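Q: Letter by letter, the chains look like this.
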Amino acid sequence: MEQNELISLLSKYDTPEISDALDNLHINGACLGIAPRSRNTEITGTVFTVKFEPVSPGVSAKAGDYIDDVPEGSVVVIDNGGIDNCTVWGDILTLVAGMRKLAGTVIDGSCRDLSVISSSDYPVFSKHAFMRTGKNRVRLASVQENITLSGVTVNPGDFIRADKSGVIVVPKHNIELVLEGSQKIHEVEDKIRSAVIGGMRLDEARRTFKYNQPLR
Amino acid sequence: MEQNELISLLSKYDTPEISDALDNLHINGACLGIAPRSRNTEITGTVFTVKFEPVSPGVSAKAGDYIDDVPEGSVVVIDNGGIDNCTVWGDILTLVAGMRKLAGTVIDGSCRDLSVISSSDYPVFSKHAFMRTGKNRVRLASVQENITLSGVTVNPGDFIRADKSGVIVVPKHNIELVLEGSQKIHEVEDKIRSAVIGGMRLDEARRTFKYNQPLR
Amino acid sequence: MEQNELISLLSKYDTPEISDALDNLHINGACLGIAPRSRNTEITGTVFTVKFEPVSPGVSAKAGDYIDDVPEGSVVVIDNGGIDNCTVWGDILTLVAGMRKLAGTVIDGSCRDLSVISSSDYPVFSKHAFMRTGKNRVRLASVQENITLSGVTVNPGDFIRADKSGVIVVPKHNIELVLEGSQKIHEVEDKIRSAVIGGMRLDEARRTFKYNQPLR
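Chains as they are written, first to last, in our numbering: chain E, 1 to 216; chain S, 1001 to 1216; chain A, 2001 to 2216.
Treat the hints as calculated values from the structure; they're not laboratory data. Computed from a prediction, not measured in an experiment: that's the story for all the values here. Even glycine gets a Cβ: it sits at the ideal position worked out from N, Cα and C. Check each hint, because a few of them may be wrong.
As the list claims (entries may be wrong) - Here are the in silico distance ranges between beta carbons for each label pair: (1) 54/E <-> 2072/A: 38 to 46 Å; (2) 1187/S <-> 153/E: 37 to 45 Å; (3) 2068/A <-> 1144/S: 49 to 57 Å; (4) 81/E <-> 2026/A: 51 to 59 Å; (5) 1157/S <-> 155/E: 50 to 58 Å; (6) 1193/S <-> 71/E: 53 to 61 Å; (7) 2068/A <-> 12/E: 54 to 62 Å; (8) 155/E <-> 1172/S: 19 to 27 Å; (9) 1058/S <-> 98/E: 39 to 47 Å; (10) 2177/A <-> 141/E: 31 to 39 Å; (11) 2056/A <-> 1187/S: 26 to 34 Å; (12) 2071/A <-> 101/E: 48 to 56 Å; (13) 54/E <-> 1072/S: 54 to 62 Å.
Claimed, not checked - Keeping only pairs whose Cα atoms sit at most 30 Å apart, straight-line, the calculated BS3-like set for lysine-lysine is: (14) 62/E <-> 2062/A; (15) 1172/S <-> 1184/S; (16) 191/E <-> 1101/S; (17) 2101/A <-> 2062/A.
The shape of chain E in the complex, shown without the other chains (with noise of 0.2 Å):
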């Protein structure tokens, strides 16, 4: 399938279906404690990778320069190691994504700015929010290599999905399965949702819809 068609499917789906869905493959992509901190608060696109690594106290380290490389469509996905106490992105990197038609910013670690993040209509996740700069505190280590995030292991290219439920990651080699079991599990839980709207109990409806098949 084409990629933009793969991002339009995988945009129909929430995060907890798509979670399920990937349970069922044995794939661990919900990345914990990564949270709206814009208006918008839904992301389907791409992953283009950024590291930052600390640097010693008094070095000097120039905020990084990626974001004019970054291809339309894709989540930046910034692994700061969780770090709170500085920040990686902010108003200015906002206004360029956005200009850029990027898809989505997630960040393991802190963005500032919120004054105007939070009303954007670009979505940026964050772990925290504070308002310190990373300058001359963190590096940019790489772009477009293997980075974690929140535990979760993440490349270029693949899928993030992420709604007020939080952050998931769709392995690329993996989307095609995952779409097929987040329409399965998506198609069963309205049948449960029609039943128990219908007056049906909800543990019947369960049972009728095998909501409680086992892992597979």
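Keeping the supplied structure of chain E fixed, place chains S and A upon it in accordance with the hints.
A: Same frame as chain E, now just chains S and A:
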């Protein structure tokens, strides 16, 4: 007093007032770190307890079936040991709980489907939000037995009051004393508010209306 | 410069700009983990310090009386050691502080009465929210002495600026240098924003406007 009358009276007081009344009786009822996740941020009702416990990795454990038998007006209080990395409540349970006219849900753990819950009229409070299912991670250990919620012992039939300041448990055997104490505190604070609006200094108002009475 | 003029100038900059200016002067003023709890998320003013300390269980300790003597325009800055499980601020203090035209309240600890505070025009920032009183748990230890706020030393008369990104302290002896530095940073960032809106690459804009100047 009738149960319904007790609930109606309890709903008149906010959690700080009730907490102060519990303090005067040396009762610990304040549940730390459990915050509203839904649009509706008010719960008043009687406790229906649910306890989950972890299963070993790889062991199959289906979702817990209990919701169909919870009596109208109950608050589903779930002890999942404060675990953040899997969920024990979602959109289908929210739908069923609302249809069954339950009073709300309080979770010492995580819920999912925040896209639905965040705009829900059915009140859900939890310690964390995530998207990964508890299915095959935790199993239903008991219903209607004593549990612990953020360090507070909770018995079936106890009373819950929750608002934006958090969740509080009132033991059923003390409910009338607590209502009486809450009413006194409510009156004293009303008098203090009126006095300071009328121009009195706060320290004088506190002395006048005996805000700083010793612990009884 | 007059105090009022300094406050008016400081209110023009957001906390990231001021934080960058402090960075250039090697001053630590960024207070980690203190977030807005009120509708009004902006504070600018001079510090009035309040310090609480724990009392032994069972020891009687009344609520602290200090609010009636806090000068107009002050920010009440409360050091309760980051404690989450009892509160040192609530709705009556919010009412009195608003009537006395204080500039806001910042708490290294918990506040209560979020039902009132969350829709309040009087700005309250805190590390946590809960409902259990500090009465008989903590006592007023000092006012207008040096305190620590999330690891940052704060002196009476220092300046506070707070917004959605968090809380920052500007030492009174450096306020004019910090204002000067904030203005320079504000100008550079404005030029970068205009340039990228005009179509310049961000890396080029940063070079052109010397965003990555070395630490002075």
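Q: Each hint should be assessed against the structure and marked as holding or not.
A: Taking the hints in turn, this is what the structure says about them:
For the pair residue 54/E and residue 2072/A, the supplied restraint of 38 to 46 Å holds, since their beta-carbon distance comes to about 43 Å. In this structure the supplied range 37 to 45 Å is violated for residue 1187/S paired with residue 153/E, their Cβ-Cβ distance being about 59 Å. Here the CB-CB span from residue 2068/A to residue 1144/S is close to 51 Å, well matched to the stated 49 to 57 Å. Restraint check, residue 81/E to residue 2026/A: a C-beta distance of roughly 24 Å breaks the suggested window 51 to 59 Å.
Judged by the Cβ atoms, the range 50 to 58 Å given for residue 1157/S and residue 155/E holds: they are separated by roughly 52 Å. Hint check: residue 1193/S to residue 71/E, Cβ distance near 59 Å, so the stated range 53 to 61 Å holds. Distance hint for residue 2068/A and residue 12/E: a CB-CB separation of about 59 Å, consistent with the stated range 54 to 62 Å. The beta-carbon spacing between residue 155/E and residue 1172/S, approximately 55 Å, falls outside the hinted interval of 19 to 27 Å.
Residue 1058/S and residue 98/E have their C-beta atoms about 44 Å apart, which keeps the hinted 39 to 47 Å range intact. Distance hint for residue 2177/A and residue 141/E: a CB-CB separation of about 33 Å, consistent with the stated range 31 to 39 Å. Here the CB-CB span from residue 2056/A to residue 1187/S is close to 30 Å, well matched to the stated 26 to 34 Å. Roughly 51 Å separates the CB atoms of residue 2071/A and residue 101/E, a value that falls within the hinted 48 to 56 Å.
A hinted range of 54 to 62 Å for the beta carbons of residue 54/E and residue 1072/S is consistent with their spacing of about 55 Å. Restraint check for residue 62/E and residue 2062/A: not satisfied, since their Cα atoms lie roughly 51 Å apart, outside the 30 Å limit. Distance check on the hinted pair: residue 1172/S and residue 1184/S sit about 19 Å apart at the alpha-carbon level, within 30 Å; holds. This hinted pair checks out: residue 191/E and residue 1101/S have alpha carbons roughly 22 Å apart, not beyond 30 Å.
With a C-alpha separation of about 25 Å, the suggested pairing of residue 2101/A with residue 2062/A holds against the 30 Å cut-off.
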